[in-house]
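K.L.:
Listed below, chain by chain, are the residues.
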Amino acid sequence: MNQDHAVHDEGGTLKKHRLTKLIVVLALALVAAACGDVDTTTTAGEAETTTTAGEAEATTTTAAEAEPFRIAIVAPSASNDLAFTQSIVDAVNVIKSEMGNVDLQVTDGTFVVEDAAAAIRAYADSGVDLVIAHGSQYGGSLQEIAPDFPDTSFAWGTAADTFGLSNVFAYEAASDEGGYVMGVMGAALSESNVIGIVGPVEVGDAKLYVDGFKAGVLAQNPDAEVLVNYTDSFSDVALASEAAQAQAANGADVMSGTAQMVVGAVTVASDQGILWFGTQANQTSLAPNIVVASQVYHWEVVLRDIIAKIEAGTPGGEYFKIDLANGGEVIEYNDGFDLPADVRQLGEDAIAGIKDGSITTGS
Amino acid sequence: MSDFFTTAVLVATAASGVRLAVPLLFASLGETFGQRSGVLNLGVDGVMLLGAFGGYYAVLKTGNVWLGLLIGIVVGLLLGVVSAVISVTLRAEQGISGIGIYLFGLGMSDLLFQKLVGTPLPITKFPKLNIPRLSDIPVIGELLFQHSIVVYLAFLAVPVGMYIINKTTFGMNIRAVGENPEAADSLGVSVSRIRYATVIIGGTLAGVAGASLAIDLGIFQQNLTNAQGFIAIALVYFGAWRPVGVMLGSLLYGFVNAIVLQLKTLAIIPPDQSNFAAMAPAIITILALVIVARRFKAPAALTKPYSRGE
Amino acid sequence: MTSAVTKRRTQSRYLAFLIPVAAVVAALLIGAIMLVALGANPLEGFRELIKGAFGSKDALISTALKATPLLFVGVGITIAFRANVINIGGEGQMVAGALLATITALSLPDLPAWIMLPAVLIAGLAGGALWGAVPGALKAYFGVNEILSTIMLNVVAVQLMNYLLRGPLIDPGEIERGTRIPQTERLQGGADLPLLFGDGRFHIGPLVAILAAVAAYVLLWRTPLGYRLRAVGLNPDASKYAGIPVKRTIVLALTFSGAMAGLAGAVLVFGSESHRMVTDGSTAGFTGSAGFNGIVAALFGGLHPIWTIPASFLFGGLLVGGNAMQRAVQVPSALILALNGLVVVFVVATDRYRKRMLARDVRVDAPEPLAPAFGWRPTDGPAPSGEGDTS
Numbered sequence: 000m001n002q003d004h005a006v007h008d009e010g011g012t013l014k015k016h017r018l019t020k021l022i023v024v025l026a027l028a029l030v031a032a033a034c035g036d037v038d039t040t041t042t043a044g045e046a047e048t049t050t051t052a053g054e055a056e057a058t059t060t061t062a063a064e065a066e067p068f069r070i071a072i073v074a075p076s077a078s079n080d081l082a083f084t085q086s087i088v089d090a091v092n093v094i095k096s097e098m099g100n101v102d103l104q105v106t107d108g109t110f111v112v113e114d115a116a117a118a119i120r121a122y123a124d125s126g127v128d129l130v131i132a133h134g135s136q137y138g139g140s141l142q143e144i145a146p147d148f149p150d151t152s153f154a155w156g157t158a159a160d161t162f163g164l165s166n167v168f169a170y171e172a173a174s175d176e177g178g179y180v181m182g183v184m185g186a187a188l189s190e191s192n193v194i195g196i197v198g199p200v201e202v203g204d205a206k207l208y209v210d211g212f213k214a215g216v217l218a219q220n221p222d223a224e225v226l227v228n229y230t231d232s233f234s235d236v237a238l239a240s241e242a243a244q245a246q247a248a249n250g251a252d253v254m255s256g257t258a259q260m261v262v263g264a265v266t267v268a269s270d271q272g273i274l275w276f277g278t279q280a281n282q283t284s285l286a287p288n289i290v291v292a293s294q295v296y297h298w299e300v301v302l303r304d305i306i307a308k309i310e311a312g313t314p315g316g317e318y319f320k321i322d323l324a325n326g327g328e329v330i331e332y333n334d335g336f337d338l339p340a341d342v343r344q345l346g347e348d349a350i351a352g353i354k355d356g357s358i359t360t361g362s
Numbered sequence: 000m001s002d003f004f005t006t007a008v009l010v011a012t013a014a015s016g017v018r019l020a021v022p023l024l025f026a027s028l029g030e031t032f033g034q035r036s037g038v039l040n041l042g043v044d045g046v047m048l049l050g051a052f053g054g055y056y057a058v059l060k061t062g063n064v065w066l067g068l069l070i071g072i073v074v075g076l077l078l079g080v081v082s083a084v085i086s087v088t089l090r091a092e093q094g095i096s097g098i099g100i101y102l103f104g105l106g107m108s109d110l111l112f113q114k115l116v117g118t119p120l121p122i123t124k125f126p127k128l129n130i131p132r133l134s135d136i137p138v139i140g141e142l143l144f145q146h147s148i149v150v151y152l153a154f155l156a157v158p159v160g161m162y163i164i165n166k167t168t169f170g171m172n173i174r175a176v177g178e179n180p181e182a183a184d185s186l187g188v189s190v191s192r193i194r195y196a197t198v199i200i201g202g203t204l205a206g207v208a209g210a211s212l213a214i215d216l217g218i219f220q221q222n223l224t225n226a227q228g229f230i231a232i233a234l235v236y237f238g239a240w241r242p243v244g245v246m247l248g249s250l251l252y253g254f255v256n257a258i259v260l261q262l263k264t265l266a267i268i269p270p271d272q273s274n275f276a277a278m279a280p281a282i283i284t285i286l287a288l289v290i291v292a293r294r295f296k297a298p299a300a301l302t303k304p305y306s307r308g309e
Numbered sequence: 000m001t002s003a004v005t006k007r008r009t010q011s012r013y014l015a016f017l018i019p020v021a022a023v024v025a026a027l028l029i030g031a032i033m034l035v036a037l038g039a040n041p042l043e044g045f046r047e048l049i050k051g052a053f054g055s056k057d058a059l060i061s062t063a064l065k066a067t068p069l070l071f072v073g074v075g076i077t078i079a080f081r082a083n084v085i086n087i088g089g090e091g092q093m094v095a096g097a098l099l100a101t102i103t104a105l106s107l108p109d110l111p112a113w114i115m116l117p118a119v120l121i122a123g124l125a126g127g128a129l130w131g132a133v134p135g136a137l138k139a140y141f142g143v144n145e146i147l148s149t150i151m152l153n154v155v156a157v158q159l160m161n162y163l164l165r166g167p168l169i170d171p172g173e174i175e176r177g178t179r180i181p182q183t184e185r186l187q188g189g190a191d192l193p194l195l196f197g198d199g200r201f202h203i204g205p206l207v208a209i210l211a212a213v214a215a216y217v218l219l220w221r222t223p224l225g226y227r228l229r230a231v232g233l234n235p236d237a238s239k240y241a242g243i244p245v246k247r248t249i250v251l252a253l254t255f256s257g258a259m260a261g262l263a264g265a266v267l268v269f270g271s272e273s274h275r276m277v278t279d280g281s282t283a284g285f286t287g288s289a290g291f292n293g294i295v296a297a298l299f300g301g302l303h304p305i306w307t308i309p310a311s312f313l314f315g316g317l318l319v320g321g322n323a324m325q326r327a328v329q330v331p332s333a334l335i336l337a338l339n340g341l342v343v344v345f346v347v348a349t350d351r352y353r354k355r356m357l358a359r360d361v362r363v364d365a366p367e368p369l370a371p372a373f374g375w376r377p378t379d380g381p382a383p384s385g386e387g388d389t390s
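Protein chains in written order, with numbering that gives the first Met the number 0: chain H, 0 to 362; chain P, 0 to 309; chain W, 0 to 390.
For reference, chain H alone in the conformation it holds in the complex:
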């Protein structure tokens, strides 16, 4: 099998030798360049912004310029997923534009828990002020990492536990609240009285939302039929699409759902004229013709508080929640959708009821 006859391909081999040597030389050059620069960069404290220039970062500059507040986000899905991860990245960008002197580093798409732990640790080690661990599955790791970095603040979401550690904040979304409100409106809008919800895995934020939406539907119309479908995957778009088809085949004319794969369900709804309520991000752009409203997470509401606490000397130990009352959750209506005034009023009433406590979502 070996065409390796010495005489036969001497020429070819020679060329290969040279090519290999060339590549090796290039490699050595790269390594030399890498090692050579080690001194000129301050390793630990190096803050890189998203548009990076190769020069060493100079922290001199304008007179009263304080050290930037450094935030790092570690999240499981893409920054542009129009759902979970996007909500936190958008929020920090809002903070950035408000505060001005903020350095943001993002490591997204980190669904591998051990890699996320490594990233959290690395950011903390590099002197970041606030590490946002945006994933419930990161909690166990965070519990071990945070004590190693008492001077760093950590924020863990979506979760309620701070592990009794003084430098860990926890934050959550009362997604059931917005879900309830939209469930009420959905039931009022539905003519077939069959409502469908598509969810990923029945845990955490997703479960909260689905339960809240269902409760809202039943509160408005106790006889409505609510079809709930957990596809058992956060990423299977095709399955979400077919789940929506299945619900549509059973007569659903209003639907909702949560998590990033739900975009598959939205397009089905759009095709069949089924009304859609979104959550986590404003989903109007996905189907401007049928999206009624979205419960948009505005994490910046709690991020402001967290950062204020950190700057005032409390590095953690507190729990924050976004809900309708504090404006962390906002029902953003699709202006392009003609929502009847009375239905809208039902929604507003529900919001008011939840805010003043007279309505509970039952979760």
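It should be emphasised that the hints constitute simulated quantities derived from the structure, not laboratory data.
It is possible that part of the hints are untrue.
Which stretches of chain P does chain H cover? Using the computed rule of at least three CB atoms under 8 Å from a CB of chain H, they are [what the hints assert, rightly or not]:
(1) 13 to 25
(2) 118 to 127
(3) 162 to 175
(4) 214 to 220
(5) 260 to 266
Residues of chain H clear of chain W, computed beta-carbon distances all greater than 10 Å [said to hold, decoys possible]:
(6) Phe-68
(7) Ser-96
(8) Met-98
(9) Arg-120
(10) Gly-126
(11) Ala-248
(12) Asn-249
(13) Val-300
(14) Arg-303
(15) Gly-316
(16) Lys-320
(17) Tyr-332
(18) Leu-345
(19) Asp-355
Ideal Cβ positions, reconstructed from N, Cα and C, are used throughout, including at glycine.
Following the hints, complete the assembly by docking chains P and W onto the known chain H.
P.N.:
Below, chains P and W alone, put in the same frame as chain H:
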């Protein structure tokens, strides 16, 4: 349970199963060609993802679904050429090069999507083709004749594939090369040329699979295929390297998934048992193969790189 | 003549080592182009990559830890490939091993540490072995191709993991708090992998993996069973005529392979930061795709267990370094994944030249070795006796 056995629900479920089968069918048909000639390509999912993004992006920018499908073909073809170079000319370890292509496709499609598109935007889908008169037949009409065009294309590809493999010289050469490349070579058949052709066909069909998936769903997202490419590869073995078998396998897998979904929708499968339901397609596929059992052998030269004079 | 031959031999050996390095560099060069297209500085990126992988004690520890599951899986793959069995079920086998190990720890919380630790590791071996034995038996006795059954069992494994971690194995605290994160409680301290040098993170996992590699080498080349495995891999028909139970050997090959992956899973759980098993709904979220990357590491090691050790370490470094690069120049993680794929493709694509170099090194006029039916050629490793020339 009686909810499930209404005509409307059954038909809808079956139609859903057909839709779910389509990307699997395209991809596994393509892989069948390659494997029949002795080349294993584990990178199918990566090609599907890049084809999906290419098709999606084309439709997003132009609104023309056919252009999208064409881009899917082109992307798949190019990647097929790359795979062929690696597996046939460079005689690399076939299982592993495929995994590299998978990882590359997974990352690259995601990266391109993030940088070129940003957040998910919906696109036009394939038009549905209601075959006149046939589609009005109760039950069968909805099940068979009211699908989007790409579904018909997928199922049309099966007899085409059968014809090519069984009735043409090209097909005969493919089979010969897959069983005994030395003999084929001595008879004047260019082993690498045949393998190049089949691997490129495989890549092209994987690209079509991806593009059709994205356009049919009307959206793109990271990891859109959710590892279906691997299922497609498995189905080649299930189908005993024959287009009809592969079609049956894809349909089986699609139907089981659709049935599970419907049972969950109707709350016949409660949420705490949904994981077991989700295992069903995989287990049933294995069981089906055990029962149908081993009358067919793999192409004898599968996964062995070939070079003349050995 | 002799001196020319010797000179070419050493040259060839030297080149054989360099070829994969050159391949990696070539892939990284393409990566550099992508970095530039994204507005990042490639020199800085690669500096951070190398630093993040090998540039400090911390980095080396991270690399060693990342390499550990790769090494375990790679060793398992090596055993399977030698018997001509393709095992792409590593992901599922890791999960199965991890689950059984976790169940063991949760069911027997009061075991003293010196029993607990071996118990969970053995449970890991067993879980993975089971998940490998099933496809093995299906192949041997029912003719079900192992590629199909391993892929399908990967699907089954992830659903089983999700069910167990959301249900029977869930941390009771999660139910209390209502958050229902699918994870177990913090597992028994006794099961924590002991730390080396008292360091916070560096546990004995890498050592166990190295031991496993050595054990695999001994198995394959110093035991009758190993001989049978290799014989079946090289020529099943001849082996059958020689009286070797081929079917049973195939089952064993997949069982061992699965066992190694299962051990990787157990080590992942008990060596993890969180000391608990947690899922995000996918296999890769737990395994980090070690079930696939381990196959690559095995190839880089020429399908020889001992050489898989440095191969895993280097590959692990690439993965760790890649993540460090992402953090430093802030490119999307997707780029790192694509780069990962490119490196694999390039190294695999040039493998033939490497083998040619090595083959040339040993003996110019060597008779053609029997190529096992995977198209794989034995490579130059420490030559075990009786193996023949090129292995």
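K.L.:
List in ascending order the numbers of the hints, as given earlier, that are violated by the structure.
P.N.:
Per hint list: 3, 9 violated.
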